[in-house]
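Novice: One-letter residues, chain by chain:
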Amino acid sequence: MAEMHLINDVRAKDIIKEPNRAGFGRGLVAAGDANKNVVAACADLTDSTKMDAFAKKYPERFVEMGIAEQNLATFGAGLAAGGKVPFIASYAAFSPGRNWEQIRTTICLNDRPVKIIGAHAGVSVGPDGATHQMLEDLALMRALPNMVVIAPCDSVEAEKATLAMAGDSRPNYMRLAREATPIITTAQTPFEIGKAYIFREGTDVTLVATGTMTYQALVAADILAKDGISAEVVHVPTIKPLDEKTILASAKKTGLVVTAEEAQINGGLGGAVAELLGEQLPTLLKRIGMRDHFGESGEPNELIEHFGLTGPHIAMAAHQLIGLKK
Amino acid sequence: MMRYIYSIEELEEKANDIRQDIIRMLEHAGSGHSAGPLDQAEIFTALYFNVMQHDPRNPGWSQRDILIQSNGHTVPVRYAAMAEAGDFEKSELMTLRKLGSRLQGHPERLKLPALETTSGPLGSGLSQAAGIAMAQRMDGETHRWVYVTMGAGELDEGNIWEAAMLVGKYKLSNLIAFVDRNNIQIDGPTEHVMPLEDLRGKWEAFGWHVLEIDGNDIEAVIDACHMAKAIVEKPVVILAHTIPGKGVDFMEYDYHWHGYFVQTPGAPPVNETAKAALKELRTLRGKIKSEAE
Chain A
3 MAEMHLINDV RAKDIIKEPN RAGFGRGLVA AGDANKNVVA ACADLTDSTK
53 MDAFAKKYPE RFVEMGIAEQ NLATFGAGLA AGGKVPFIAS YAAFSPGRNW
103 EQIRTTICLN DRPVKIIGAH AGVSVGPDGA THQMLEDLAL MRALPNMVVI
153 APCDSVEAEK ATLAMAGDSR PNYMRLAREA TPIITTAQTP FEIGKAYIFR
203 EGTDVTLVAT GTMTYQALVA ADILAKDGIS AEVVHVPTIK PLDEKTILAS
253 AKKTGLVVTA EEAQINGGLG GAVAELLGEQ LPTLLKRIGM RDHFGESGEP
303 NELIEHFGLT GPHIAMAAHQ LIGLKK
Chain B
90 MMRYIYSIEE LEEKANDIRQ DIIRMLEHAG SGHSAGPLDQ AEIFTALYFN
140 VMQHDPRNPG WSQRDILIQS NGHTVPVRYA AMAEAGDFEK SELMTLRKLG
190 SRLQGHPERL KLPALETTSG PLGSGLSQAA GIAMAQRMDG ETHRWVYVTM
240 GAGELDEGNI WEAAMLVGKY KLSNLIAFVD RNNIQIDGPT EHVMPLEDLR
290 GKWEAFGWHV LEIDGNDIEA VIDACHMAKA IVEKPVVILA HTIPGKGVDF
340 MEYDYHWHGY FVQTPGAPPV NETAKAALKE LRTLRGKIKS EAE
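One line per chain: the protein sequences are A and B, in this order. Its first residue numbered 3, the first sequence is counted upward by one per residue in the working numbering. Its first residue numbered 90, the second sequence is counted upward by one per residue in the working numbering.
Isolated chain B, as found in the complex (with noise of 0.2 Å):
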């Protein structure tokens, strides 16, 4: 496996560089979301460069973490993260959502085996993730953990509730879950589609440790991470706190750049998005000078 031993203030370039990825993804594709993958960049680049024993030259290494992305249609950020962690060329970011590409639209195994699973119909990357927790813990597994995503609407899923009762039953608290709480979904913001709160009081009532945290610092990712493996009685969840659209100023809060790139009501041409996106990503909101510039 590789050891990374990066800074926070690498980690942080990391996240921004998986950022610049997802937008050039998102307009080559011409189709997909952008507010998810952006805001869940520091938990992805937490994962995949400090938290979980992998090896993108081996996949299928048998001692690997398991990482479940139960919202799979934020999936180009899971993308950004293996071609940045050299799971395969940043060249092929750009077939995303094309016909032959590995990287389908939703996260598909049997064309990419590191993905773990297929997901992406909302509600059930819990129940797998449990039930991979559950098989490691009847083989005795010891020091694999087993990740999963979740988005916030995708909480409205009776399957979700069905898998946090079975997690907490059993006490799987080799798996870790997150909830990138960014208060939004398609409809609008999730209070008013289906209010979720309280949602920490939701989760404790099935069994588990809740854990909350602003889901945009990469340090906060990482401790939550290593606090949750310590915590050996209850599964965890993070309620990872995140800005939709995050690092992208006239994307976030605006749960509109949840669903289509393209198709935000009085957005410019997609380039010209893009364009705006990524200049925003490279010079820090202005704070410094582009090196494309």
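Chain A with its partners taken away, still in its complex shape (with noise of 0.2 Å):
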């Protein structure tokens, strides 16, 4: 197996967090830097969507949009068609919320590599409540012919996916977190849009996870491991196109998966791991997720054990599944 270089403990008590918005942040400016081409436009949330830094070093190649998110989106096809290389960001909530149509006619129809940056995805949002915790997302951009799909786990990869982006020549969309999450990733940990990676090898159950559920499947699998359950733990940061291979190899060893994602599972990963398996590969699933319900305020923490999308909760559904299969 391909070395990850994950750090050594998800569980040390001063493991480092950061919001995976800042790694966007950074790398915009990386990729700024290493092309001129590449410009970004923002719908009034330019220092929570780390747009900032990158509006600060070029100023000239940063559009202020105001609350217009369907400008948004047309605009950035627009900047696309003239030969720029545009990020687009607000919260995930209104574009691709709000602006869903947009992005279909004019970027996904019209097959113009914009880069369409959601951020404050998932119920972790917390206290600003439901109109702010996008959940829907993935299930709109997968749906859509072109659109490649995005969720790093960490600030790390959000850097590495944010140049990858910058070289992309399809539409994109990533979804971004609010809130501070562990770093597990490393400068080493391999990237590439398309893969999905086993960051953790294991023979009883396969936990398939994406965005900054990933940390908590490798947490499941260390409960698991103290279980005596062996769990391989599949990281998938790009849910369009999914990598098949990855996962049915996987799901072939073990025979039992859970699915992990802080979204809809109806259209999400869960939805796009069932589809994959139904018509490939039958086998026992388990998906960790929203069910079809809206989110509310609270503390992050709060709301994610609140919802069930913890560890805990995917090393519970594992168990479940180990007693199906008996």
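Keep in mind that a hint or two might mislead.
Mimicking SDA-like on lysine to any residue, the simulated pairs with C-alpha atoms at most 25 Å apart in a straight line are [stated by the list, open to error]: (1) A:LYS38 to B:MET227; (2) B:LYS323 to A:LEU8; (3) A:LYS58 to A:ASN37; (4) B:LYS260 to A:GLU66; (5) B:LYS258 to A:LYS197; (6) A:LYS197 to A:LEU287; (7) A:LYS38 to B:THR231.
Chain B stretches covered by chain A per the calculated footprint, using a threshold of three residues with CB under 8 Å from any CB of chain A [unchecked claim]: (8) 193–199; (9) 205–213; (10) 220–232; (11) 238–251.
If you are wondering where the hints come from, they were derived from the structure by calculation, not from laboratory data. C-beta: ideal position from N, C-alpha, C; glycine also.
Grab the two chains, each in its own frame, and use the hints to assemble them into the complex.
Specialist: Structure, rendered in structure tokens:
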């Protein structure tokens, strides 16, 4: 197995945390340094989407849109038509939440390489409540032909993903979280659009996770190991196109799959894996995520506990599957 | 590029030819919008045969002007103008809306790259034109223009006004916008469905310079474009007052013809409609004898 160069102990008390959007901010500046055609546009959320460093360094390549997400998407399509590599940012609830048709027509059907950044996705947005906790973005974007859908697990991967997006000729969507989450990868950890990675090898059950839930899957694998269960953790930073080969190989090996995401399982990673296994390798499956309901206000940690999105919840789902198999 | 030097009379003839092609295309397709394409024949003739820098033999020419059709449902007028200019054979016009055609019911860039973009769902063209104009400004290009046509009813869309605000803010004077002010939309007259007036005042309030012209007067269209290029402190919108269905007496002013060519209540069969419309166009409403007769 390829070396993943992860941190040594995901359960360390002093694990370093940072919001993955911070990695996006650094990646955008680096992408701008490398290519003068990289430009950015933001809908009045420049600091919180972490476009501020780019806007400060390259003011002539930054466009402040005001609170206008429909225009954000269509203007982005125009920038791409004019030869630019535009990154457009807002909260995921509004982009792609509000401007999905514009993305569909002027970016996907038109096949323009616009880089859509959906910040503050998931319930861990916290006190802002359900209106701002975007959970349907993965389903919305997965349904679009030509669109690439990315959810990085931490800030280090988000930085790499941003650079990869700047060099990708397709429309891309990347979802980011508000909350600081553990940094589990390092500079040496591989990242390529379209690839899934075995973050931990195992033989009894496969845990397929995306975004910040990959950390929770690694915690679950630790818990399961103490129970004598060998869990394999497959990190899926690219939900579309899905790395079917890696997921199928692991599912074939273990015969049991749990998916984990901070999004609606309908149409999200859970939906994607269910479709894949249903067609190609019917396998016992449990899906951790939001089950057809909205979030609510609360502290991020309270919310992921309340909605069953933690390592222990994933471990419990694995135990249930093992029980079903017997 | 091609340099066109046509007299106004020759351009008027071209507009008439384009109208006839529109009728033939719609007859062949059996569906599509008729009023808007017909009333924009002068605008597209002026753009393709006088105003725009473009080269039909080299549609990707790096110095070309850009034309975005935000009112993508009126694309037959553009296809007809393109065929007239030599972008493709006129026979291809008859593939409009058919399986396998490059001439989709609404503009699709991947099928026909010279269309520059994909549009039709209303409200998104002005923003796309703005993005292109901004990219050109970032690249320091000063002698290329971005034209965009919008429908009147399209101005109901919020996306238009989001774009209007942005273009006004950044004073993208390399962008020249047209509003096909034909006063109709699918459900009826624009001022009944959703009043647009004071339209001049609205655009001015958004930071634009407004020109108002008779949009069915080719010379006025050309003059407005030249004036728009000379106005550098603001973006320019040309409110082109047009007669919906222009050129075909029984279609003019009747909003029913906005929508489907074949579904006008009480209308004769499509081939008879087309025949009658073509006769009017060929004879300039009976003023001259048709060559086809």
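Novice: With reference to the structure, classify each hint as holding or not holding.
Specialist: Hints and how they fare:
no., hint, in the structure
1, A:LYS38 to B:MET227, "10 Å, holds"
2, B:LYS323 to A:LEU8, "55 Å, violated"
3, A:LYS58 to A:ASN37, "16 Å, holds"
4, B:LYS260 to A:GLU66, "14 Å, holds"
5, B:LYS258 to A:LYS197, "42 Å, violated"
6, A:LYS197 to A:LEU287, "21 Å, holds"
7, A:LYS38 to B:THR231, "19 Å, holds"
8, 193–199, "holds (count 3)"
9, 205–213, "holds (count 8)"
10, 220–232, "holds (count 8)"
11, 238–251, "holds (count 3)"
Hint check: violations occur at hints 2, 5; the rest are consistent with the structure.
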